[in-house]
Structures are given as C-alpha cells and as structure tokens.
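Below are the chains, spelled out letter by letter.
2 protein chains.
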Amino acid sequence: MRIFNFSAGPAVLPTTVLEQVRDELLDWHGRGMGIMEMSHRGKDFTGVLHEAEADLRDLMGIPSNYKVLFLQGGATQQFAQIPMNLLAGRSADYVVTGSWSKKAYKEAQHLGGVRLAGSTEASAFTCLPAANELKLDPQAAYLHLCTNETIHGVEMFDLPEVPAGVPVVADMSSHILSRPMDVSRYGLIYAGAQKNIGPAGLVIVIVREDLLGKASAITPSVMNFATMAEHDSMLNTPPTFGIYLAGLVFKNLKAQGGLAAVEQTNIAKAKRVYDAIDGSGGFYRNPVDAPCRSRMNVPFTLANPALDAEFLAEAAERRLEGLKGHKSVGGMRASIYNAMSLDGVEALVGLMQDFAARKA
Amino acid sequence: MRIFNFSAGPAVLPTTVLEQVRDELLDWHGRGMGIMEMSHRGKDFTGVLHEAEADLRDLMGIPSNYKVLFLQGGATQQFAQIPMNLLAGRSADYVVTGSWSKKAYKEAQHLGGVRLAGSTEASAFTCLPAANELKLDPQAAYLHLCTNETIHGVEMFDLPEVPAGVPVVADMSSHILSRPMDVSRYGLIYAGAQKNIGPAGLVIVIVREDLLGKASAITPSVMNFATMAEHDSMLNTPPTFGIYLAGLVFKNLKAQGGLAAVEQTNIAKAKRVYDAIDGSGGFYRNPVDAPCRSRMNVPFTLANPALDAEFLAEAAERRLEGLKGHKSVGGMRASIYNAMSLDGVEALVGLMQDFAARKA
Numbered sequence: 001m002r003i004f005n006f007s008a009g010p011a012v013l014p015t016t017v018l019e020q021v022r023d024e025l026l027d028w029h030g031r032g033m034g035i036m037e038m039s040h041r042g043k044d045f046t047g048v049l050h051e052a053e054a055d056l057r058d059l060m061g062i063p064s065n066y067k068v069l070f071l072q073g074g075a076t077q078q079f080a081q082i083p084m085n086l087l088a089g090r091s092a093d094y095v096v097t098g099s100w101s102k103k104a105y106k107e108a109q110h111l112g113g114v115r116l117a118g119s120t121e122a123s124a125f126t127c128l129p130a131a132n133e134l135k136l137d138p139q140a141a142y143l144h145l146c147t148n149e150t151i152h153g154v155e156m157f158d159l160p161e162v163p164a165g166v167p168v169v170a171d172m173s174s175h176i177l178s179r180p181m182d183v184s185r186y187g188l189i190y191a192g193a194q195k196n197i198g199p200a201g202l203v204i205v206i207v208r209e210d211l212l213g214k215a216s217a218i219t220p221s222v223m224n225f226a227t228m229a230e231h232d233s234m235l236n237t238p239p240t241f242g243i244y245l246a247g248l249v250f251k252n253l254k255a256q257g258g259l260a261a262v263e264q265t266n267i268a269k270a271k272r273v274y275d276a277i278d279g280s281g282g283f284y285r286n287p288v289d290a291p292c293r294s295r296m297n298v299p300f301t302l303a304n305p306a307l308d309a310e311f312l313a314e315a316a317e318r319r320l321e322g323l324k325g326h327k328s329v330g331g332m333r334a335s336i337y338n339a340m341s342l343d344g345v346e347a348l349v350g351l352m353q354d355f356a357a358r359k360a
Numbered sequence: 001m002r003i004f005n006f007s008a009g010p011a012v013l014p015t016t017v018l019e020q021v022r023d024e025l026l027d028w029h030g031r032g033m034g035i036m037e038m039s040h041r042g043k044d045f046t047g048v049l050h051e052a053e054a055d056l057r058d059l060m061g062i063p064s065n066y067k068v069l070f071l072q073g074g075a076t077q078q079f080a081q082i083p084m085n086l087l088a089g090r091s092a093d094y095v096v097t098g099s100w101s102k103k104a105y106k107e108a109q110h111l112g113g114v115r116l117a118g119s120t121e122a123s124a125f126t127c128l129p130a131a132n133e134l135k136l137d138p139q140a141a142y143l144h145l146c147t148n149e150t151i152h153g154v155e156m157f158d159l160p161e162v163p164a165g166v167p168v169v170a171d172m173s174s175h176i177l178s179r180p181m182d183v184s185r186y187g188l189i190y191a192g193a194q195k196n197i198g199p200a201g202l203v204i205v206i207v208r209e210d211l212l213g214k215a216s217a218i219t220p221s222v223m224n225f226a227t228m229a230e231h232d233s234m235l236n237t238p239p240t241f242g243i244y245l246a247g248l249v250f251k252n253l254k255a256q257g258g259l260a261a262v263e264q265t266n267i268a269k270a271k272r273v274y275d276a277i278d279g280s281g282g283f284y285r286n287p288v289d290a291p292c293r294s295r296m297n298v299p300f301t302l303a304n305p306a307l308d309a310e311f312l313a314e315a316a317e318r319r320l321e322g323l324k325g326h327k328s329v330g331g332m333r334a335s336i337y338n339a340m341s342l343d344g345v346e347a348l349v350g351l352m353q354d355f356a357a358r359k360a
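Protein chains in written order, with the numbering used here: chain F, 1 to 360; chain D, 1 to 360.
Hints should not be assumed to be uniformly reliable.
Across the chosen pairs, the derived CB separations fall in these ranges [as the list claims (entries may be wrong)]: (1) Asp343/D - Arg2/F: 20 to 26 Å; (2) Asp343/F - Asp343/D: 43 to 49 Å; (3) Ala54/D - Lys251/F: 36 to 42 Å; (4) Asp58/F - Arg358/D: 49 to 55 Å; (5) Arg358/D - His29/F: 29 to 35 Å; (6) Gln109/D - Arg2/F: 46 to 52 Å; (7) Ala88/F - Ala260/D: 52 to 58 Å; (8) Ser64/F - Leu312/D: 35 to 41 Å; (9) Ser184/D - Arg2/F: 44 to 50 Å; (10) Ala306/D - Ala260/F: 55 to 61 Å; (11) His29/F - Asp343/D: 21 to 27 Å; (12) Asp232/F - Asp289/D: 33 to 39 Å; (13) Arg41/D - Asp289/F: 27 to 33 Å; (14) Ser91/F - Ala313/D: 56 to 62 Å.
Hints listed in this document are in silico derivations from the structure and should not be mistaken for laboratory results. A virtual CB, placed ideally from N, CA and C, is assigned to each residue, including glycine.
Isolated chain F, as found in the complex:
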C-alpha cells in the first residue's frame, strides 16, 4: 500500500512508472538482462538515452541550438561546474533568493569573480527582489538564478530584465517540468533529477551551444560541458538506470498531455493547499509573498509550534509522510511535485482542516 509522500527530494515517483521499472528490472524488453546491466555503448541503452533526450526536447520545446546533457553529481556539483565552464576569466552575477542560490553563490566564489547582484536574505527569503533592487553587471559572464527555492518555497514566474548579451543560468531542480518554460530565454538550465525527473544521482543540463568551449584549464574532462556534448554525455559511463527512469517519467508526462496540462493540475493542487492555509484564520501560515509562492514546495507553520509533533503524528496515521519542514525554516513543508496526485493533496487538506477545527 503506497503512502502519500510529501518529501522535498528524493521524492515520490509516478506509481505507474515504478511498476514498469519493477516489471522489467530483471529482463528489459526480452533481452534477458535488466537495463542497468547493459553496456552503455550498446544499441539498447543508446536507444533509451536518445529517446529520453528526444522526449525531453519535445516536452520542453528545447530549441535545436541547445545541447541536453545527462550528468552526475547533482545540482551541487553544478554550483562549481558552471563557473568552471562559463566564467572564462570574467565575473558572474548571482541573485540570492534562498538557501540554494546562496550555496551556489558561495561555491562559485572559490573559482573566480562572482558578484552578489541582489539578495532577499534581509526579508528571510519570503519574496523576490524588485527590479530596482537588482544591480546587474552588463559585462557579466552570466546571471545565476534559482527559479524555485525548495526550502523557502519561493518561485520565479517572470525573469528579471537582464542586460542584453548576459545569459541567464537557472537552477530549476525543484520545478523543472512543472509547467511550460521558454527555454530560449535561458543560456543554461540545470536540474537535479530527484524531484520531478527521477532518482538521485542524475542531473540534467540544457545549454546553448555558443556558451560551450570556454572551460578553464583545470576543468575535469567529465565536467567539461563541451567535451560531454561531443561525447553524447558518454565520455564516461553515465548513470544509466537514472536516465532510463527519467525517460519513463518524460513519457508519462507526455501521456498526461504535456506540460501545459501538467501545469493546470499543479495550479489546482497548489491552490488547494494555499487556500487551506489562508482560510485557517491564522492557524496555519505561509510567509511568502503571494505572487511568488511556489507551486511545488509549500512551507507552512502552525501558529502554535507546540502542536507540530501532534500534527505530524496524525499525518503519519493518515499515511501522509515527509511533511516535516526544513530545520532552517521549521514547521511543515508539503512538496507537491508532479507525481503527487490531487488525491494526496486532498488528503493533506483534509488533515489540515480537521486538525485546525479540533485544535483552534
């Protein structure tokens, strides 16, 4: 019996995808072995890789002048890998809107010139910077943003005005594939798999071709985007099982009608949770400015934190798991990624309303 898993990541995966993975784990397509036992250079696995890429391109509308890379090391390794590849002796701008963009900014500082172009830390990462609060360098090698902050629950629905010629680099780990995005507005998009894509250990990088070929001399071969693009993400052995599973998730999203349809469901799910918070008369509270409330990660606190443990215990009784908030924020967090069903959201809202009615 599957529970409702609200973990921030690694996170719930679609049950039908996992059923298919289970059914072909020891024998993929009658080959007498599982996909994870196959040579990555064989035509079966390269077929899986190319199909995953084609489906992702289709889903996201990735233009042909962008490369899609399937890499290892997660978004955290990208925090270093991106400046190694793109700085080229220049400076880059970072906007800090939560814990993850702050980590990206700190990691890049080891590797060259980086500038803090804006920060919302003074307001506890509950908003996005206003246009006049950003100090953007027109000469920057790139502008780095985290377009959904998993811990603070802040999502960017519009990009800031960016100086001409400065590519936007976006960490989309926790909301990629949750809605259509105009890829052509970005120089580079990256996302760890373990929220909306697949298992941990895979990170996807989508990069405009003109940004390739500028890596510093100390960049390891497997971390050089240009080298990896030349080798079809297979300079070394890729995380084959993760790529296979990601490919199944992409097919699952296409079968749902693509990202426009997925977005409608995500809007409905998020509205149910935020309405439950806002309609609780202050029993629950989400501190984020309404226009940038994340559709994927909904942190909320109970007005009386002494009730937190009881809330979590009742959640567990109803088979709702992973709701404890991040330690830096406290309270609760409901991560309602693509694979969280509306039924799961209704079960959470039901708990929230029942609990408040009894305890308020």
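Go by the hints and put chain D onto chain F.
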C-alpha cells in the same frame, strides 16, 4: 529468462539481489514508498547507508583509520578528483599498464605535476613492468596504479616495492571484491560500481585519514574528500538507489562466505576460460603474461578473425551476450565478474570448444 551477460560494465548483477530490488521497488520494508523516493536524511536511508558501509568494512577488512565514501562521477571523475585532493603542490607517479591507467595519467596532467614512473605500452599492455623498469620518486605525493586493466585483462597480484611514505592509490574498479586485499597497503582505493558493486553512477573511495585535508582551493565542495568524509558522503544528495543496491550486493557476498570464498570461485572460473584458450591449439589466444592474467576480464582473439562474427552469432544463439572485445584490442572479451556464475562460464567454454572443433 536471464541470459549470461559477459559485459565489461555496466555488468551482470546477482539475480537474487535484483529480485529483492524488484520486490521492494514500490514499497521498501512496508514504508509505502520505494527506497529511491525517500529522503536521504531520514533514518531509513541513513540506516541503509551505514549498513552498506559496515558490510563493506567487514568484507574488505577496512581498518578504522580509513574513511569510506560513496560518491558520484565514476572512476573517470576520480582521475581528476584524486590529484585535486592529494597532490598538494607536489608531484605524483603514475604507472601506465593499460588504457585506464593511461587515462588517469592524462587527466592528472591538467592539474599539476605528474610523472610517468613506468609503462608497458611498448609491449601492447600484455605484461606488468618489472621492478627495475619502475622509476619511483621517493618524494611523490602518491603512486597511482590500476590494479586490474579492464580492456587489456592485466591484473596486479603483488604491489611493486614502493618508497617508504609514498601512499599507493589504486583504481580497483574492475576487480574490487573479487578477492581479499590488504587495504592497509594502500593510501586510497577507488572503484566505479558498475562491475562488481552495483549500478553505474556510484563510485566508492576508501581513503586513509592522514591523506585528507590537502585539497587545492579550486576543489568543488562535493569533490573534497575531507568535506565529504565530515558529512558522511551526504554534503549533497547521494545516489541513494545505487548505495542501497550496493549494500544488497555486499550482503550477498557475505552470505557466500566473504571474499576468501568468492576468490576460490573466481579462480575456478578464470582457470576454465584460460584453459579453454590455452588448450585450443592456437585457435584462441590470450596475449597476457600468465602471472598477470586477469581473473575478471579475459580478452581473447580467434586466430582467424574472419570467424569473429560467426562466433558472436553462435554465442547469441546460446544466450551468451557481451562477448565482443573492446575495439582497441579486437576479438572477444569475457568479463567474468563475481555475479557471473560458474554455469555461465561453463556455457562459454562449451561454445568455445564446440566452435573450435568444427572450425579448426
């Protein structure tokens, strides 16, 4: 119906392990979710991680002054990560005994002073260097060896005499866990998982504690061994599914009686294949010096390469897969890792003998 998979890696995994993975894929230990959907910080996954480490320490007899790290990026990323962490402005010695140690040597050259301390390339990587052919620097930061060359089928059963105080760094990707090793003779051991451990996307590093803390300033946080050791391999999200599966493989090896028992089986398996080659009257040939023939990877050629395609077709009819040799060596290669059964080896030997009897 499972076939016999002789792939060099990703490679065959134990059927009983895969059956367990299949059975708990959607619901691990009654938790209502799969292991790959669980938070890496929760007590279920951290329990899996710690048990995997404890079992590996037990199997290999890893002394307490060594750290065990579960990382991403494969051995190829380690080719850069090791000099980043250990060079500390000094020079390191590399012995080149095949394609993999050559790649390691080349990658390290980007990152600081490295010396070629010996090479068997002139004899086409069919032997190991004699003691008097090694020019070892007593001041080297470390001596790098690849103790089993997957492509050339050359295995090191004895370590060379190493100057006092120079730690040995060994790439054991394709023979780790195939027999007992004295870990205390090494400063650092590393191994990509996709041969004897688990799925691709996981690499294990076993490092003596006194070698930690020397990383260069440009080392990304997730690539800094000391930082990763402090964070129990969880500075970022680790490849949780791969670690879980590796842990099941470790338990499987313990249930077989540990590495001493596993070694006896591997000796028997390798002897069957080499005997079939050597007893073929020249129909099959393995070029490697007898004392360093690998027990894990057995490359062999047919005296008449025009028969290669027919041999592979007959192999496929008998459900023996992955036997085509690496393009740089040609012919065939039988990778007979721990998870390849004696039955599989007998099936291969049967084919070799039948085929030779008809075609010789």
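Evaluation of the provided hints:
no.: 1; hint: Asp343/D - Arg2/F: 20 to 26 Å; verdict: violated (37 Å)
no.: 2; hint: Asp343/F - Asp343/D: 43 to 49 Å; verdict: holds (47 Å)
no.: 3; hint: Ala54/D - Lys251/F: 36 to 42 Å; verdict: holds (39 Å)
no.: 4; hint: Asp58/F - Arg358/D: 49 to 55 Å; verdict: holds (50 Å)
no.: 5; hint: Arg358/D - His29/F: 29 to 35 Å; verdict: holds (32 Å)
no.: 6; hint: Gln109/D - Arg2/F: 46 to 52 Å; verdict: holds (51 Å)
no.: 7; hint: Ala88/F - Ala260/D: 52 to 58 Å; verdict: holds (54 Å)
no.: 8; hint: Ser64/F - Leu312/D: 35 to 41 Å; verdict: holds (37 Å)
no.: 9; hint: Ser184/D - Arg2/F: 44 to 50 Å; verdict: holds (46 Å)
no.: 10; hint: Ala306/D - Ala260/F: 55 to 61 Å; verdict: holds (57 Å)
no.: 11; hint: His29/F - Asp343/D: 21 to 27 Å; verdict: holds (24 Å)
no.: 12; hint: Asp232/F - Asp289/D: 33 to 39 Å; verdict: holds (36 Å)
no.: 13; hint: Arg41/D - Asp289/F: 27 to 33 Å; verdict: holds (28 Å)
no.: 14; hint: Ser91/F - Ala313/D: 56 to 62 Å; verdict: holds (59 Å)
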